[in-house]
Amino acid sequence: DGCFEALRAYRGSTFALGPHLDRLVASAALLHMDLPSREEMEGWIRAVARDGGDCTVRIVATRGGFDPDVNAAPRVVVLWEPIPELPEYLCVLPLEAPWHSDGAPSELTGAKTLSYAPNMAANRAARLAGFDDALLHGRSGRILEGPTFCVAWVVDGVLETPSLDLGILASITRGATLHEAARAGIGVREGHFGLDRLDDADEVMALSTVKEVKPVVRVGERRFAPGSVTELLARRYRNRVETALANG
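Residues in the sequence shown are numbered consecutively from 4, following the working numbering.
Hints were generated in silico from the structure; no laboratory data involved.
Misleading hints may appear alongside valid ones.
Said to hold, decoys possible - Estimated spans, in silico, between C-beta atoms of each pair: (1) ARG53 with SER104: 18 to 26 Å; (2) ALA247 with ASP70: 15 to 23 Å; (3) GLU245 with ARG61: 17 to 25 Å; (4) ALA249 with ARG78: 29 to 37 Å; (5) GLY15 with ALA173: 37 to 45 Å; (6) GLY21 with GLY56: 31 to 39 Å.
The beta carbon of each residue, even a glycine, is placed where N, CA and C say it ideally should be.
Generate the whole structure from the sequences, applying the supplied hints.
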């Protein structure tokens, strides 16, 4: 077992390294797994980012053995990957995620573990159906998240998104986007929403480290036009990135 993080590097410099390491440490704690020192991991990540330039940096940590009582040293790998070519707009297919906690209590809620096989199977199923990715919903019918992204939408000028108590990942991009929305005077509403809530939506967007803030123009048979709120939040998010990079 293990946990991982993926973060963006822009021109060889990492963005939001501190929050990503915070989440990695929290994930490892939920798994009762030791990690190398934060300083060591930070040094490895920065070195890999410098080598990769504009890239995704991935840090993968495993326990180091099958027997947790042995207390073997963790195995940690840091690598960079090129940023995939992304479409200008996304089309996503709603798919049920029976493996998701969907709000049920779990000792691993919030951990970014290595068990992403069901998520990636959903991504492949959506692609085979002609979509760019999947939008996962629970057995309850409530909207959760994408396989590797969070989702938000706009209803009557208010930005809505599933709440973290559903067991979705506490996405760093999601948090930054909600913060930028509030700073821009846009109302924010977190909660539990069924897919039919999208019937009232004017805009839909995907939020992730790689995608940043990306317009979604199709959710199943529902269609949307890229809107001004998505454009504003995408611009503010990128400005946030550039400011952070300029400040070191």
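Consistency of the hints with the structure:
1. ARG53 with SER104: 18 to 26 Å: 38 Å Cβ-Cβ, so the 18 to 26 Å window is violated.
2. ALA247 with ASP70: 15 to 23 Å: 41 Å Cβ-Cβ, so the 15 to 23 Å window is violated.
3. GLU245 with ARG61: 17 to 25 Å: holds, 23 Å
4. ALA249 with ARG78: 29 to 37 Å: At roughly 35 Å between Cβ atoms, ARG78 and ALA249 fall inside 29 to 37 Å, so the hint holds.
5. GLY15 with ALA173: 37 to 45 Å: For ALA173 against GLY15, whose Cβ atoms are near 27 Å apart, the range 37 to 45 Å is violated.
6. GLY21 with GLY56: 31 to 39 Å: violated, 21 Å
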